[in-house]
Amino acid sequence: MEGTFNQGAVSLPLVLEPGEAKHNRPQTPTPPYMYPTEEVTFTNPADGAKLAGTLTYPMNFQFSKDVPVLVMVTGSGQQNRDEELFDHRPFLVIADYLAKQGIATLRYDDRGVGGSTGEVANATTHDFMGDAIAALDYVRSTGKFGKCGVLGHSEGGTIAMMIAGRQQCDFVVSLAGMAIKGDSLLLLQNHAALSKSGVPAMVCDDYVTALRQVLRWMESGEQVSNPKERIAEVVKSANLQLPEALQENLVKVIETSVPWLRAFLSLDPAEDIRKATCPVFALNGGNDTQVPAKENLGAFRRLLPANDKNLVKEYPGLNHLFQHSQTGLPIEYGTIEETVSPEVLQDIATWVNSVK
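Under my numbering, the first residue of the sequence shown is numbered 104, with each subsequent residue one higher.
Note that these hints are calculated values from the structure, not bench results.
In this text, a Cβ means the ideal position worked out from N, Cα and C, and glycines have one as well.
Mixed in with the good hints there might be a few duds.
As the list claims (entries may be wrong) - Estimated spans, in silico, between C-beta atoms of each pair:
#	residue 1	residue 2	range
1	Ser-244	Arg-319	42 to 50 Å
2	Gly-401	Gln-429	22 to 30 Å
3	Lys-125	Lys-339	45 to 53 Å
4	Pro-445	Asp-308	36 to 44 Å
5	Thr-140	Asp-371	32 to 40 Å
6	Ala-341	Glu-222	37 to 45 Å
7	Val-143	Met-305	49 to 57 Å
Using the sequences provided together with the hints, build the complete structure.
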């Protein structure tokens, strides 16, 4: 079966072939767990969204101000509390590891997924930030923990820094979080995805040139009445070398534009990163094609305030999910047995315990 993998403004060819019904995921923990867990619910007071999640306590937990807790925030798109993708459950793997290292976590279903409710169609990153702040307020209200931090992946990492910039958390772990403006990130994503897929460099450059114009239309709120003709005009006027399939991708970007994407284009985390006074651990995989490490970790290094507890680290060979990978392309995610690199898990636990 052939089709297209779409995420935001990224479109890639996707080929599905018959295979085993269940993938091998050796890191996924199975009950009975060695630590207590609790099913909880909480509400975002801004719009009444009710979120359902799992509070995972450390092994041998006793109420203590020495026990830190992390609210876990997923990446873009509707996902469950485990951030499940291709049978991988990275947030469950991380929560399991941290529980064994004395760290509590709260992970929750995104609004409209699993046990969570709330308006989704018009929701933007700021709405999801409100959900994460509600989660922080909930864990604080229990009185069971010490410092309360946020661990966010991808868009969740951006949300973590937005919260830190408002001084509403005690520390942040940003897993492949965006540190540059949204429209710039989408251009980098698309160029990296096409280049890693073997598309010639000139075609990659031309596609990004055309996409930049599409994003300008979207960010300005312009209604593009005949996207196919408008794209053809851009290609002709700029003398771009774009195959028909890539022109169709651009048409799809316009036709599938949603409030989240339009808001994301103008989202710039720079000011929040500058304002963050809490300790921050920002990490990226060197093979990440969705949030490229060079540009985003470079921005973190430039923007984070001087703080000897801050840590910015790149992991060579790891992709956007922090798996060891060959190309870093999303189509590889499901073929890799590893869910999260053990080195990353260890580094997160060591760093959190150093700042608690």
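Whether the CB-CB distance between Gly-401 and Gln-429 falls inside 22 to 30 Å
Hint holds: Cβ distance 24 Å, inside 22 to 30 Å.
Please test the hint of 32 to 40 Å on the beta carbon pair from Thr-140 and Asp-371.
Holds: the Cβ-Cβ distance is about 37 Å, inside 32 to 40 Å.
Tell me if the beta carbons of Val-143 and Met-305 are separated by a distance inside 49 to 57 Å.
53 Å Cβ-Cβ, so the 49 to 57 Å window holds.
Could you say whether the range 42 to 50 Å given as a hint is met by the Cβ separation of Ser-244 and Arg-319?
44 Å, holds
Is the gap between the beta carbons of Ala-341 and Glu-222 within 37 to 45 Å?
39 Å, holds
Taking 36 to 44 Å as the stated bounds, is the beta-carbon spacing between Pro-445 and Asp-308 within them?
Taking Cβ atoms as reference, Pro-445 and Asp-308 lie about 38 Å apart, which means the hint holds.
Consistency of beta-carbon spacing, Lys-339 to Lys-125, with hint 45 to 53 Å:
Given a distance of about 50 Å, which is inside 45 to 53 Å, the answer is holds.
The structure agrees with every numbered hint stated previously.
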